[in-house]
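Residue strings, one per chain:
There are 2 protein chains.
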Amino acid sequence: MFIKMILHAWDLNVKRTTKAFNGFSDEELFIEIAPGKNRVIYLLGHLVAVHDMMLPLLGLGERNYPQLDEAFINSPDREVADLPTVQELRIYWNDINMILEGYFKNLTPDGWLARHTAVSEEDFAKEPHRNRLSIVISRTNHLSYHLGQIILVKR
Amino acid sequence: MFIKMILHAWDLNVKRTTKAFNGFSDEELFIEIAPGKNRVIYLLGHLVAVHDMMLPLLGLGERNYPQLDEAFINSPDREVADLPTVQELRIYWNDINMILEGYFKNLTPDGWLARHTAVSEEDFAKEPHRNRLSIVISRTNHLSYHLGQIILVKR
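Chains as they are written, first to last, in my numbering: chain A, 1 to 155; chain B, 1 to 155.
Isolated chain A, as found in the complex (with noise of 0.2 Å):
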């Protein structure tokens, strides 16, 4: 019950978000969300790049967008010139989140409570909260974060 308790806040994070970035044309995605702040582009980004880099961490599965940390994750917004498009960003979003949902509908609760790759098994052993639930926990958080300040657009 714990775990879908977890698993339904993140859902209802990613539909809510998901919702939003539709609300956007593709021009209203250029948008900051505040004067000389990210645009939601950038955002959009973001998210897609941190949602792929579960995959790895939670020890499921391979990057699928690894392209897109250079211009999302260790760059401010408008440093890096080359962008995806708006099309293929959008496209990653949904896909990257169904990917995700996909995994863990089929973890046990063995697996939800077994640690994540960023612990080392002496550390996990002394600190067993630090397992692959407790990344969805704080995704959830950082998303939420980000939807906070998108929604500031359009509004």
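It should be emphasised that the hints constitute simulated quantities derived from the structure, not laboratory data. Heads up, some of the hints might be wrong.
Which copy is meant is left open, because identical chains are indistinguishable; a pair holds if it fits in one copy or across any two.
Below, simulated BS3-like cross-link-like pairs (lysine-lysine); rule was C-alpha separation at most 25 Å, straight line [unchecked claim]:
id, residue 1, residue 2
1, Lys126, Lys37
2, Lys105, Lys126
3, Lys37, Lys105
4, Lys37, Lys4
5, Lys19, Lys126
6, Lys105, Lys19
7, Lys154, Lys4
8, Lys154, Lys15
9, Lys154, Lys126
10, Lys105, Lys154
Everything numeric in this text was worked out from a predicted model, so none of it was measured.
Could you slot chain B onto chain A? The hints should help.
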């Protein structure tokens, strides 16, 4: 352990938000998070009121600051002229989170899995995930959402 993980995320977000509020001078609290959007002071009052509402919702106690609802829950920013002082709101923020922390650390696992007061006994029998812990998960996400907005000021 699940409870520990969920409370850890709550604590972390309360601490981050407190740090953000403490980083603002009294004057800076009146800056808007984006042009025409809420001021930081509104989000401070809003978060105090929402956290205060958790006490009756979790069945842990009475409200401390019901007088905040008119300005910070029922009305948008700038509609109610008669606001508490900045000093009062800063104290309320620290106090309500300390009060919640005190209750949280004394709840047993069974206590956490008991129903919250917004769900009827009949519905809870069918939907046992609508427990107290689910409120903490959703309020942590609510907090992250507004933290993402607060952080836009002064960066």
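Cross-check of the supplied hints:
{"no.": "1", "hint": "Lys126 with Lys37", "verdict": "neither (40 Å within a copy, 45 Å between copies)"}
{"no.": "2", "hint": "Lys105 with Lys126", "verdict": "between (28 Å within a copy, 21 Å between copies)"}
{"no.": "3", "hint": "Lys37 with Lys105", "verdict": "neither (36 Å within a copy, 39 Å between copies)"}
{"no.": "4", "hint": "Lys37 with Lys4", "verdict": "neither (35 Å within a copy, 35 Å between copies)"}
{"no.": "5", "hint": "Lys19 with Lys126", "verdict": "neither (40 Å within a copy, 29 Å between copies)"}
{"no.": "6", "hint": "Lys105 with Lys19", "verdict": "within (22 Å within a copy, 37 Å between copies)"}
{"no.": "7", "hint": "Lys154 with Lys4", "verdict": "neither (33 Å within a copy, 38 Å between copies)"}
{"no.": "8", "hint": "Lys154 with Lys15", "verdict": "within (18 Å within a copy, 30 Å between copies)"}
{"no.": "9", "hint": "Lys154 with Lys126", "verdict": "neither (47 Å within a copy, 39 Å between copies)"}
{"no.": "10", "hint": "Lys105 with Lys154", "verdict": "neither (34 Å within a copy, 41 Å between copies)"}
Violated hints for the displayed structure, listed by number in ascending order: 1, 3, 4, 5, 7, 9 and 10.
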